[in-house]
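Protein chains: 2
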Amino acid sequence: MERRAFIKKAAAGMAVGAIAAPAIAQSNPTINWRLASSFPKSLDTIYGAAEILSKRVAQLTDGKFNIRTFPAGEIVPALQVMDAVQAGTVEIGHSASYYYFGKDATFAFDTSIPFGLTARQQSAWMDQGGGKQLLREFFRDYGIMNFAGGNTGCQMGGWFRKEVNTPEDLSGLKMRVGGFGGRVLQRLGVVPQQIAGGDIYPALEKGTIDAAEWIGPYDDEKLGFNKVAPFYYAPGWWEASAQMSFYVGIKEWEKLPKDYQAALEVATYETHVTMQAMYDARNPGALARLMKNGVKLRSFSKPIMDACYKAAMEVIDEEAAKNPKFKKILDPWRRFKQDQNQWYSVGELPMQNYLISHK
Amino acid sequence: MERRAFIKKAAAGMAVGAIAAPAIAQSNPTINWRLASSFPKSLDTIYGAAEILSKRVAQLTDGKFNIRTFPAGEIVPALQVMDAVQAGTVEIGHSASYYYFGKDATFAFDTSIPFGLTARQQSAWMDQGGGKQLLREFFRDYGIMNFAGGNTGCQMGGWFRKEVNTPEDLSGLKMRVGGFGGRVLQRLGVVPQQIAGGDIYPALEKGTIDAAEWIGPYDDEKLGFNKVAPFYYAPGWWEASAQMSFYVGIKEWEKLPKDYQAALEVATYETHVTMQAMYDARNPGALARLMKNGVKLRSFSKPIMDACYKAAMEVIDEEAAKNPKFKKILDPWRRFKQDQNQWYSVGELPMQNYLISHK
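Order-wise, the sequence lines are chains A and B. So that you can map any letter, position 115 of the first sequence is 115 in our numbering, and since no number is skipped, the others follow by simple counting. So that you can map any letter, position 67 of the second sequence is 67 in our numbering, and since no number is skipped, the others follow by simple counting.
If you are wondering where the hints come from, they were derived from the structure by calculation, not from laboratory data. Glycine included, C-beta positions come from ideal geometry on N, C-alpha and C. It is possible that some hints are incorrect.
To be verified - Partial list, computed: chain A residues near chain B (C-beta under 8 Å):
#1 P235
#2 W237
#3 Q276
#4 Q342
#5 L349
Generate the whole structure from the sequences, applying the supplied hints.
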């Protein structure tokens with residue numbers, strides 16, 4: 001810009017006083033980032049969270065800090081978002097870290113550990129219980145800084161072509177189930193498959209798999225699983241909650257002006273509230289529609305839950321015995337979880353149970 | 001600023017490029033607001049939420065939008081924060097709207113209705129279930145715009161000098177209990193008292209009151225109630241959750257530049273996550289300490305819970321019959337609640353109950 005013109009604009013900006021902000025911020029640096037999401041655009045809840053982030057950050061920086069969101073597969077495949085951030089292919093990703101469980105089981109603490117924390121407990125652990133610090137230390141080795149950005153709440157146990165009543169019924173079942181849950185189920189004879197969201201339906205339809213877990217009624221309904229597997233089980237004990245996170249390349253983060261960093265960080269909190277709220281507000285209606293369309297709702301039997309719990313504790317302990325990074329987080333996480341459940345058993349849970357008894 | 005100096009500064013700001021933001025934003029308008037909190041400084045959770053908001057807004061606006069926080073009593077008494085915002089004495093308040101239940105019972109929807117929504121359900125209702133729109137319409141008549149800003153989770157049922165086992169034991173009890181809960185308990189013979197946090201202890205000590213509810217272990221411990229009333233009851237059914245909100249004068253809101261509005265709005269989301277997380281992370285330890293100091297933990301008996309539930313439904317229906325504003329919100333709120341509890345009974349709550357069984 002020519003010098004005189006700049007003065008003129010700046011002066012104009014000053015004159016209008018309280019409503020001058022947009023004019024002034026013109027000289028803030030323009031920064032363009034690309035965000036790779038692990039989710040398809042059709043999942044407006046979970047993909048939508050990244051769009052909310054992008055919109056808010058732009059608004060807070062007068063459109064100067066642009067984060068363009070890309071659904072799974074446009075820049076990188078769904079399950080390679082973390083790698084893309086690590087490699088610097090994209091500056092930021094939105095994903096579930098347990099997709100990267102194969103690299104290191106420690107990743108799962110950022111999303112969900114089988115029979116782990118509820119959504120609210122996960123938030124408390126992350127924000128005020130030391131979880132963020134522990135996980136950031138872990139992610140640093142990947143050149144990544146993590147920010148909690150959404151939760152689904154307790155997920156469903158998935159779609160089954162046939163009923164499962166006993167732990168024995170699980171044996172030989174080919175099931176789409178992510179990372180940690182898969183390893184636990186393997187111990188009960190399940191053959192776990194890691195398949196991205198968009199590829200589950202055809203696999204279930206062809207009978208390549210016998211069962212598939214995805215998220216919950218609202219998302220599952222869109223993917224149409226009910227047409228090919230009528231039994232819908234609860235709860236998804238491998239995801240008492242599932243936290244999504246934004247993964248930012250540390251090098252890119254450090255290049256940001258301080259107020260852009262603040263804008264990005266604070267916007268992750270908004271998505272954290274909004275994504276959970278979207279799921280909670282939309283799941284009930286979706287479940288009602290699914291039931292009307294003949295879906296058969298089932299609960300995992302106590303023998304199945306107990307067998308899975310036992311297997312989960314074994315797998316967790318074995319991992320801790322051989323993986324010091326995992327153990328370093330597991331120990332304080334377990335203490336936190338125990339304290340939470342003790343506290344929840346006093347008032348929160350009796351209250352919720354009482355409310356449900358009057359539903 | 002002298003013209004030449006301004007050019008120099010502006011040019012300097014441009015030269016440093018990506019890290020120039022603080023220098024540039026100098027020409028944003030400086031806006032100073034005062035925030036009146038309904039809570040004492042000693043409650044670092046709940047008063048702390050307002051400080052988090054203030055800090056973040058300043059950071060997002062390069063220190064130009066200043067919200068100075070004042071604890072209860074410094075500008076206005078704890079229970080007059082809403083009035084102060086309405087009158088324009090302060091630009092923003094942080095309070096619990098059910099303190100203003102005496103003006104209109106409809107206020108309670110913004111905090112808690114007896115046997116109402118859990119914290120997560122309240123967030124879902126507010127953010128994605130139509131609650132925010134309904135409440136903003138109601139608050140508009142008071143010249144106020146509301147923003148959810150924190151939740152305590154399910155509160156405790158309070159401190160009792162003597163045990164209460166049957167609904168009859170409640171009769172004649174003088175109890176500090178806010179708004180709606182008080183009116184319900186009145187039906188069971190309780191004499192409710194509305195007393196600000198700081199004044200509860202002396203009243204309980206002198207025996208002016210027989211019982212007092214406040215929040216939960218972490219806050220209650222600080223106020224020392226255990227020294228004067230040993231029986232600590234759960235759950236606080238009048239507060240299955242209690243949402244705090246920021247109340248902004250609409251006239252002041254409209255004077256803000258758009259990006260300051262965005263900064264304030266997004267910062268409320270952060271406090272919403274952080275306040276709940278602070279409570280969840282700190283309550284378990286506080287309860288353990290209280291128990292070590294001889295506090296006797298009790299659960300309200302089923303007959304007491306049922307009598308209170310029945311009385312609550314009567315009071316709610318009576319209010320709806322005579323108060324169209326209340327009824328307008330109640331009807332959709334009830335449908336939302338029913339759907340939520342139906343959905344929670346499928347997976348979320350069975351999962352939580354299973355986790356607790358292994359605590």
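*Closer than 8 Å between Cβ atoms is the bar; does Q276 of chain A clear it against chain B? Give me holds or violated.*
holds, 7 Å
*With chain B as the partner, please determine if Q342 of chain A meets the hint condition of a C-beta pair closer than 8 Å.*
The hint holds - Q342 of chain A has a Cβ within 8 Å of chain B, the shortest such distance being about 6 Å.
*Should the interface hint for W237 of chain A be scored as holding, given a Cβ-Cβ cut-off of 8 Å against chain B?*
With a minimum Cβ separation of about 7 Å from chain B (threshold 8 Å), the hint on W237 of chain A holds.
*Using Cβ atoms only, decide whether L349 of chain A comes closer than 8 Å to chain B, and label the hint accordingly.*
At about 6 Å, which falls below the 8 Å cut-off, the nearest Cβ of chain B leaves the hint on L349 of chain A intact, so it holds.
*Minimum Cβ distance from P235 of chain A to chain B below 8 Å?*
holds, 4 Å
In the structure shown, no violation is registered for any of the earlier numbered hints.
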